[in-house]
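J.: Sequence:
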Amino acid sequence: MKQKISILLVLIFGLLLLTTVNVRGEQATGQTTPPLVELVKQGKSKIFTVPLDRYETDTKALPIGIFDSGIGGLTVLKAILELDVFNNLTHEPAPDGWPDFKNERFIYLGDQANMPYGNYPSEQKVDFLRELIIKDAVFLLGSRYWLSASSSNPYHDKPPVKAIVIACNTATAYGLEAVRDALRQWELPVQLVGVVEAGADGAIQSIKRTGKRGTVAVLATVGTCKSRGYPRAIKKAAGKADIEPPTVIQQGCLGLAGAIEGDPSYITSPESSETSDYRGPSVGNRTAPIDPALFARYNFETKGFLGDHDSPNTWRLNSVENYIRYHTTTIVEQYRRSSWSEPISTVILGCTHFPYQLENIANSFERLRKFRKADGTGPYKSIISEKLSFIDPAAITATQLYESLADAKLLIGKTDKAILTTDEFYISVPNASLAGARLASNGGFTYEYKYGRGPGNLSAEYVKRVPMSSANLSDDVRYNIKTTMPKVWKRLITFSHKSPRTKNLPASIRIMSTD
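Going by this note's numbering, the first residue of the sequence shown is number 1, and it counts up by one from there.
No lab work stands behind these hints: they were computed from the structure.
Be aware that a few hints might be false.
Simulated crosslink set (DSBU-like; lysine-lysine; CA at most 35 Å straight-line) [as the list claims (entries may be wrong)]:
#, residue 1, residue 2
1, Lys387, Lys226
2, Lys503, Lys46
3, Lys370, Lys417
4, Lys387, Lys208
Full structure from sequences and hints, please.
T.: Quick look at the structure:
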């Protein structure tokens with residue numbers, strides 16, 4: 001299996017579609033300014049503030065900010081930390097044996113309390129989603145954070161950042177331009193990089209390298225697919241590469257990111273299944289319907305499947321593996337029913353949570369390719385290429401980030417000194433003290449409350465952004481980070497024990513190397 005799967009992290013230099021902003025003195029785009037942007041510009045909020053004057057001096061020593069709707073964006077940080085495709089002295093494309101970002105420090109935010117971002121467009125809440133994305137940027141640019149969910153008062157000593165990486169496909173698709181325009185409005189010389197263009201570039205370069213056009217399958221959130229950000233970006237990348245745009249098919253993977261993060265709306269313990277508010281694929285789900293006629297092709301694992309086998313209306317998915325099997329089967333089956341002409345050759349992992357499950361996703365496509373009906377025919381054999389290329393946009397995003405910082409002369413050199421001694425990791429948790437907040441049994445927002453909110457209520461602080469700890473990262477999540485991203489894990493432990501921002505954190509919730 002592993003010999004047949006080519007996992008391509010295509011690094012592009014001359015043809016990168018840089019989504020970079022260096023904006024001091026530029027004019028606004030003419031779009032209507034969101035109230036939050038104007039509020040920050042006027043400095044009239046105690047909750048959403050940015051020290052605009054700090055950016056009037058040299059920003060090279062500042063850290064790099066990264067945000068995602070949860071912990072999935074840590075895969076982008078992992079790629080950044082591991083990147084070695086440049087000479088650190090000349091900044092020319094040539095590996096030198098040293099990590100390209102070895103002197104840099106990072107601040108990461110996972111907006112877990114408000115995730116999944118991909119559901120907001122389906123709930124007709126795009127404006128609120130954009131407001132959330134701008135709030136993420138404000139946090140990285142500002143100094144405000146809370147020590148814990150139960151803290152009575154916030155702290156104001158977090159440093160600002162010199163660059164922002166939107167490590168979330170949905171946030172890039174819906175919020176890149178909003179953040180870009182906000183930076184212009186605030187006249188901040190901050191670099192901005194998103195992941196969608198990186199994924200598109202990777203797919204096109206993969207096609208050019210193999211010489212086989214094929215069809216590009218995008219696995220992403222429902223929101224990212226609805227935005228059609230990937231089809232547009234792939235068409236644009238193909239034009240710049242002077243090749244014919246490939247066919248692009250998309251699967252909005254409802255619930256997969258949530259299941260990976262353990263959201264009880266999508267995955268729960270069997271004993272709690274009767275009382276949980278299930279939102280995942282089901283026979284009656286209009287967005288993600290389970291087709292009983294395809295039951296054999298889904299091949300759901302028994303331990304992650306709830307309900308009576310003979311009563312389809314009771315079926316529920318209850319494992320990450322079964323979400324993967326459902327969504328891969330659905331996209332391949334829908335493509336089979338269309339007037340398809342070329343087999344699927346490239347798969348874009350269009351959500352930062354999905355690289356965690358790369359092996360399972362690859363295995364599921366291979367299982368479908370080998371599937372045989374009772375008569376011995378293989379309905380998907382000719383639809384799925386024997387050798388698939390999987391595109392993780394993270395490494396290409398890291399390359400774009402390096403080039404943008406090098407061009408702006410903002411990379412920290414040997415003789416420079418970063419203002420941080422450790423990287424910093426934050427996560428959002430519900431503000432339980434906010435009047436009207438509705439929480440589920442697991443401590444998160446109820447689905448109705450989360451997606452029932454609207455933009456413009458800027459006096460309300462829905463979430464507290466706090467240091468990551470064992471109080472807000474589950475055992476499974478910590479184990480996942482530890483085993484799949486050891487470099488990130490090591491930095492997370494250092495932050496938990498040695499950062500000035502965590503010195504008052506109770507010892508009982510500090511992240512331990514033995515976790």
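J.: State for each hint whether it applies.
T.: Do the hints match the structure? See the list:
1. Distance check on the hinted pair: Lys387 and Lys226 sit about 28 Å apart at the alpha-carbon level, within 35 Å; holds.
2. Distance check on the hinted pair: Lys503 and Lys46 sit about 24 Å apart at the alpha-carbon level, within 35 Å; holds.
3. With a C-alpha separation of about 55 Å, the suggested pairing of Lys370 with Lys417 is violated against the 35 Å cut-off.
4. Between Lys387 and Lys208, the direct Cα distance comes to roughly 15 Å. Compliance with the 35 Å bound is thereby established for this hinted pair.
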